[in-house]
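Novice: The lines below spell out each chain.
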Amino acid sequence: DQQVKQNSPSLSVQEGRISILNCDYTNSMFDYFLWYKKYPAEGPTFLISISSIKDKNEDGRFTVFLNKSAKHLSLHIVPSQPGDSAVYFCAASVISNSGYALNFGKGTSLLVTP
Amino acid sequence: ETGVTQTPRHLVMGMTNKKSLKCEQHLGHNAMYWYKQSAKKPLELMFVYSLEERVENNSVPSRFSPECPNSSHLFLHLHTLQPEDSALYLCASSPGPSSPVAFFGQGTRLTVV
Numbered sequence: 014d015q016q017v018k019q020n021s022p023s024l025s026v027q028e029g030r031i032s033i034l035n036c037d038y039t040n041s042m043f044d045y046f047l048w049y050k051k052y053p054a055e056g057p058t059f060l061i062s063i064s065s066i067k068d069k070n071e072d073g074r075f076t077v078f079l080n081k082s083a084k085h086l087s088l089h090i091v092p093s094q095p096g097d098s099a100v101y102f103c104a105a106s107v108i109s110n111s112g113y114a115l116n117f118g119k120g121t122s123l124l125v126t127p
Numbered sequence: 325e326t327g328v329t330q331t332p333r334h335l336v337m338g339m340t341n342k343k344s345l346k347c348e349q350h351l352g353h354n355a356m357y358w359y360k361q362s363a364k365k366p367l368e369l370m371f372v373y374s375l376e377e378r379v380e381n382n383s384v385p386s387r388f389s390p391e392c393p394n395s396s397h398l399f400l401h402l403h404t405l406q407p408e409d410s411a412l413y414l415c416a417s418s419p420g421p422s423s424p425v426a427f428f429g430q431g432t433r434l435t436v437v
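Heads up: the protein sequence lines correspond to chains G and A, in order. Residues in the first sequence are numbered consecutively from 14, following the working numbering. Residues in the second sequence are numbered consecutively from 325, following the working numbering.
Incorrect hints may have been included.
Simulated DEER-style distance windows between Cβ atoms [claimed, not checked]: (1) Ser389(A) - His89(G): 23 to 31 Å; (2) Gln94(G) - Ser386(A): 21 to 29 Å; (3) Lys364(A) - Glu28(G): 25 to 33 Å; (4) Gln27(G) - Glu377(A): 27 to 35 Å; (5) Pro421(A) - Asn40(G): 38 to 46 Å; (6) Asn381(A) - Pro92(G): 26 to 34 Å; (7) Thr435(A) - Glu28(G): 34 to 42 Å; (8) Pro385(A) - Lys81(G): 30 to 38 Å; (9) His403(A) - Ser65(G): 39 to 47 Å; (10) Pro421(A) - Glu55(G): 23 to 31 Å; (11) Ser396(A) - Ser65(G): 13 to 21 Å; (12) Pro421(A) - Arg74(G): 28 to 36 Å.
No lab work stands behind these hints, which were simulated from the structure alone. Quick caveat, the model's predicted, so the values are computed rather than measured. Note that CB positions come from ideal geometry on N, CA and C, so glycine has one too.
Could you put the whole structure together from the sequences, leaning on the hints where they help?
Specialist: Structure, rendered in structure tokens:
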């Protein structure tokens with residue numbers, strides 16, 4: 014049973030415009046939400062995170078929004094650049110004594126065109 | 325220097341072979357993980373080690389056997405695998421309860437023939 018869902022497998026955006034990637038989750042116990050970026054033949058790279066007690070976190074061109082009542086989060090990239098073309102994974106976790114084990118969505122492939 | 329290093333990057337093995345995947349982290353983290361990524365599926369957590377003790381095993385078949393000899397090294401021993409086990413195997417590490425951020429290696433692309 015998948016607890017983190019990314020319902021859009023792909024997204025195409027023009028350079029300079031905003032990219033919005035969406036993620037839904039089912040487990041209200043999640044403490045943290047993270048976005049990872051993955052290029053082909055590489056491992057995922059951490060991008061940005063947000064605690065469940067916040068509703069927004071911003072880091073440069075990247076902003077993550079969390080709507081707990083809707084169990085929804087989104088990643089905004091503005092302005093989008095061709096180098097942002099990659100697969101973006103949403104992940105969520107619950108703290109335990111061992112640390113955090115991440116639950117991932119299937120990913121959204123973003124293509125930024127010149 | 326890469327924080328999390330996995331070897332080999334690519335591996336082709338027969339169903340009767342025994343092989344091992346290796347992961348090393350240079351970040352001083354306390355927790356290490358094995359994840360599996362199959363085509364068109366989300367990353368699936370396989371094993372979690374915290375301070376060298378296995379704390380979680382997500383019902384992984386016994387043909388996958390992890391080993392964590394110290395906090396910097398993690399192995400995944402493979403034996404009598406099936407073709408459907410072909411996937412990208414990713415190692416990750418994290419500080420532990422102090423931070424949710426996991427850092428991933430580049431993965432081992434495994435093909436079982």
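Novice: Can you let me know if the beta-carbon spacing of lysine 364(A) and glutamate 28(G) is within 25 to 33 Å?
Specialist: Check passed, 28 Å falls within 25 to 33 Å.
Novice: Do the Cβ positions of proline 385(A) and lysine 81(G) conform to the proposed distance bound of 30 to 38 Å?
Specialist: 36 Å, holds
Novice: Range first: 13 to 21 Å. Now tell me if the beta carbons of serine 396(A) and serine 65(G) are that far apart.
Specialist: 31 Å, violated
Novice: Mind checking the hinted window 23 to 31 Å against the Cβ distance between proline 421(A) and glutamate 55(G)?
Specialist: 27 Å, holds
Novice: Does the Cβ pair asparagine 381(A), proline 92(G) satisfy 26 to 34 Å?
Specialist: About 44 Å separates the Cβ atoms of asparagine 381(A) and proline 92(G), which means 26 to 34 Å is violated.
Novice: Regarding glutamine 94(G) and serine 386(A), is the given constraint of 21 to 29 Å on their beta-carbon distance met?
Specialist: Hint violated: Cβ distance 46 Å, outside 21 to 29 Å.
Novice: Just to be sure I understand the hint, the distance between the Cβ atoms of threonine 435(A) and glutamate 28(G) should be within 34 to 42 Å; is that true here?
Specialist: Holds - the Cβ-Cβ distance for threonine 435(A) and glutamate 28(G), about 36 Å, lies within 34 to 42 Å.
Novice: Does the Cβ distance between histidine 403(A) and serine 65(G) fall inside 39 to 47 Å?
Specialist: 41 Å, holds
Novice: Given the hint of 38 to 46 Å, is the C-beta distance from proline 421(A) to asparagine 40(G) inside that range or not?
Specialist: 19 Å, violated
Novice: Does the beta carbon distance between proline 421(A) and arginine 74(G) stay inside 28 to 36 Å, or does it fall outside?
Specialist: Because 30 Å falls inside the window, the suggested range holds.
Novice: Per the hint of 23 to 31 Å, is the separation of the Cβ atoms of serine 389(A) and histidine 89(G) within bounds?
Specialist: Hint violated: Cβ distance 43 Å, outside 23 to 31 Å.
Novice: For the range 27 to 35 Å, tell me whether the beta carbons of glutamine 27(G) and glutamate 377(A) fit it or not.
Specialist: Because 50 Å falls outside the window, the suggested range is violated.
Consistency note: the structure conflicts with the earlier hints numbered 1, 2, 4, 5, 6, 11.
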